[in-house]
Amino acid sequence: MWRDPTMTFTEHLEELRWGLIKSFAAVVLAFFSCFFFSDRIVAFMIAPLKRGLQPGESLIGTGVTEAFFFEMKVALVAGVFLASPVIFYQIWRFIAPGLNESEKKLVIPFVLFTSFFFIAGAYFCYWGVLPVAFQYFIEQYRSLDVSPEIRIGEYFTFFSRMVLAFGITFELPLFTLFLVRLGIWDYRFMWRTFRYAIIVIFIVAAILTPGPDIASQLLLAGPLTILYLLSIGVAYVWRKAE
598 MWRDPTMTFT
608 EHLEELRWGL
618 IKSFAAVVLA
628 FFSCFFFSDR
638 IVAFMIAPLK
648 RGLQPGESLI
658 GTGVTEAFFF
668 EMKVALVAGV
678 FLASPVIFYQ
688 IWRFIAPGLN
698 ESEKKLVIPF
708 VLFTSFFFIA
718 GAYFCYWGVL
728 PVAFQYFIEQ
738 YRSLDVSPEI
748 RIGEYFTFFS
758 RMVLAFGITF
768 ELPLFTLFLV
778 RLGIWDYRFM
788 WRTFRYAIIV
798 IFIVAAILTP
808 GPDIASQLLL
818 AGPLTILYLL
828 SIGVAYVWRK
838 AE
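With the working numbering applied, the sequence shown corresponds to residues 598 to 839, in that order.
These are computed hints drawn from the structure, not numbers from a lab. Treat the hints with caution; some may be incorrect.
[Unchecked claim] Calculated cross-link-like contacts (lysine-lysine; reagent style BS3-like; alpha-carbon spacing at most 30 Å): (1) 647 x 701; (2) 619 x 702; (3) 702 x 647; (4) 647 x 670; (5) 837 x 702; (6) 837 x 701.
[Claimed, not checked] Between beta-carbon pairs, the in silico distance windows are: (7) 785 x 819: 36 to 46 Å; (8) 739 x 819: 19 to 29 Å; (9) 836 x 728: 35 to 45 Å; (10) 657 x 698: 56 to 66 Å; (11) 617 x 790: 38 to 48 Å; (12) 736 x 703: 41 to 51 Å; (13) 800 x 716: 45 to 55 Å; (14) 613 x 701: 33 to 43 Å; (15) 670 x 613: 19 to 29 Å; (16) 758 x 617: 25 to 35 Å; (17) 650 x 703: 43 to 53 Å.
From the three backbone atoms N, C-alpha and C, an ideal C-beta is built for every residue, glycine too.
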C-alpha cells in the first residue's frame, strides 16, 4: 500500500528518516554477516591475481592493522552490495507516490535491466579483464627481474574501482535507450559524433581506472567503445520499432 501523496513536508521527512534508518540497519547487519565470511570473500577477490602469480608469490601487508582493516573494507563493500535490495526498496517507497501508474509499471523492468547490465559488467571484469590485466602487470615486474610484492590495500582499491567502473559503463545501452526515449538522442546523432565519443570514452576511462598506465585505460576503453556501437544499434532498432 503506497503512502498518501498528500502527506505534509514534515511527514515526508519522517518517512525519509525511517527509510535511512532501515537502510543503515540493513547495511550494518549485512556488514557483520559478511565480516564473518570475510576470508572466503577475500579468497574470491584475490583469485584473478593469484592466477598470474608464481608459487611463493602472494599479496603483502606493510602495517600491523592493514589486514584487519582490509577485511573491514571488504566486508563493508560486500555488505552494501548485499543490502542493496533493501536500500533500493526504501528509495522506491519514497518516490513511488510521485509517479503515475504507467511510470510505476516501468520501474521493475528498469531495476531488473539495470541490475543485469551492472552485474554483467562486473562479471566481465572479474573473469575476462582482471586476469589479463594482472598477468600483464606482473609480467612487467618480471621483465625488469623484479619480484612483485603487491600490498593488499592497493589491490583492494584497484579491484574495487575496476569492477565498479565496468559495472557502470555496461549501463551505457540502457542510458542510451532512456535518452532516445526522451527524444534527446537518436542513432544518427550518435553516429555523426562517433569520433568525439571516442575522445570522451578515453577521458572517462582515464578517470575511472585506478592507475596512470595506458594498459588499464585500454582495458576499459575497448569494451566501452563496443558498448557505444551497440548503443547505436539499440537506438536504431528502437526508432524503427516506433
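Results for each hint:
no. : hint                  : verdict
1   : 647 x 701             : violated (45 Å)
2   : 619 x 702             : holds (25 Å)
3   : 702 x 647             : violated (45 Å)
4   : 647 x 670             : holds (20 Å)
5   : 837 x 702             : holds (23 Å)
6   : 837 x 701             : holds (26 Å)
7   : 785 x 819: 36 to 46 Å : violated (25 Å)
8   : 739 x 819: 19 to 29 Å : holds (24 Å)
9   : 836 x 728: 35 to 45 Å : holds (38 Å)
10  : 657 x 698: 56 to 66 Å : holds (57 Å)
11  : 617 x 790: 38 to 48 Å : holds (40 Å)
12  : 736 x 703: 41 to 51 Å : holds (47 Å)
13  : 800 x 716: 45 to 55 Å : violated (26 Å)
14  : 613 x 701: 33 to 43 Å : violated (19 Å)
15  : 670 x 613: 19 to 29 Å : holds (28 Å)
16  : 758 x 617: 25 to 35 Å : holds (26 Å)
17  : 650 x 703: 43 to 53 Å : holds (46 Å)
Violated hints, listed in ascending order, are 1, 3, 7, 13, 14; each of the other numbered hints is respected by the structure.
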